[in-house]
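S.K.: Sequence:
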Amino acid sequence: MKQWIKAAGLSLVILSSSMYAQAAEAAQKVGYVATGQAMAQLAKRYNVAEKLRGEFKDRIDELRGIESRMKTKVDKMKRDGELMSASDRTKLQREMASLESNYKLKAKALQEDQRRRGAEEEQKLVQKIRKAIQDVAKREGYDMVIDANAVLHANPKDDLSSKVISAVK
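For the sequence shown, the residue numbers in mature numbering (1 follows the signal peptide of the UniProt record, and there is no 0) are -23 to -1, 1 to 146.
Worth flagging that the hints you see were computed from the coordinates, not collected in a lab.
No residue lacks a Cβ here, since even glycine has one placed at the ideal position from N, Cα and C.
Some clues are possibly wrong.
[Stated by the list, open to error] Below are the DSS-like pairs computed for lysine-lysine, each with C-alpha atoms no more than 27 angstroms apart in a straight line: (1) Lys48 to Lys81; (2) Lys6 to Lys105; (3) Lys83 to Lys48; (4) Lys81 to Lys50.
[What the hints assert, rightly or not] Simulated restraints, written as ranges between beta carbons of each label pair: (5) Glu72 to Phe33: 47 to 57 angstroms; (6) Gly42 to Asp65: 20 to 30 angstroms; (7) Lys108 to Val51: 51 to 61 angstroms; (8) Ala131 to Leu40: 43 to 53 angstroms; (9) Arg56 to Leu82: 21 to 31 angstroms.
Whenever a hint applies, use it, and build me the whole structure from the sequences.
M.R.: This is the structure:
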């Protein structure tokens, strides 16, 4: 009886392992995409940096104007500071402090707005890439697509990066 149980158990193990082996063979077709590269190329294609620069151009110019006025006042203080009366020197120092405060406030607000808008534009590109990946995977019969950074070794024929980039609308 023990021999029969061992034989049945062994055959069960062999049968189940062969089923798993077949399942693993027919498992999934896996592709990969270099999403970082795709993001960079698409950002270039859609001129994201240029678009954001144009959007914030007036505010950047305003900050440059404040910088220029601050530099002028500092130069004046260095050049004429010792010749000025105490009240003129104090007045100039207050103007410089006011300009610096205004500059810092506007620069911080600009930085935050640029960061927020940059993230919004990046999110738009991410959505476009995701959609393109899904379309390409479906069209090419891939069951799974992963980021190229997670791949240690893969067949170059499974690199879908160029197909995804060209599929983005």
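S.K.: Please go over all the hints and tell whether each is borne out by the structure.
M.R.: Here is how each hint holds up against the structure:
no. : hint                                : verdict
1   : Lys48 to Lys81                      : 15 angstroms, holds
2   : Lys6 to Lys105                      : 23 angstroms, holds
3   : Lys83 to Lys48                      : 17 angstroms, holds
4   : Lys81 to Lys50                      : 17 angstroms, holds
5   : Glu72 to Phe33: 47 to 57 angstroms  : 26 angstroms, violated
6   : Gly42 to Asp65: 20 to 30 angstroms  : 23 angstroms, holds
7   : Lys108 to Val51: 51 to 61 angstroms : 52 angstroms, holds
8   : Ala131 to Leu40: 43 to 53 angstroms : 47 angstroms, holds
9   : Arg56 to Leu82: 21 to 31 angstroms  : 28 angstroms, holds
The structure fails to meet hint 5 from the earlier list, while all remaining hints are met.
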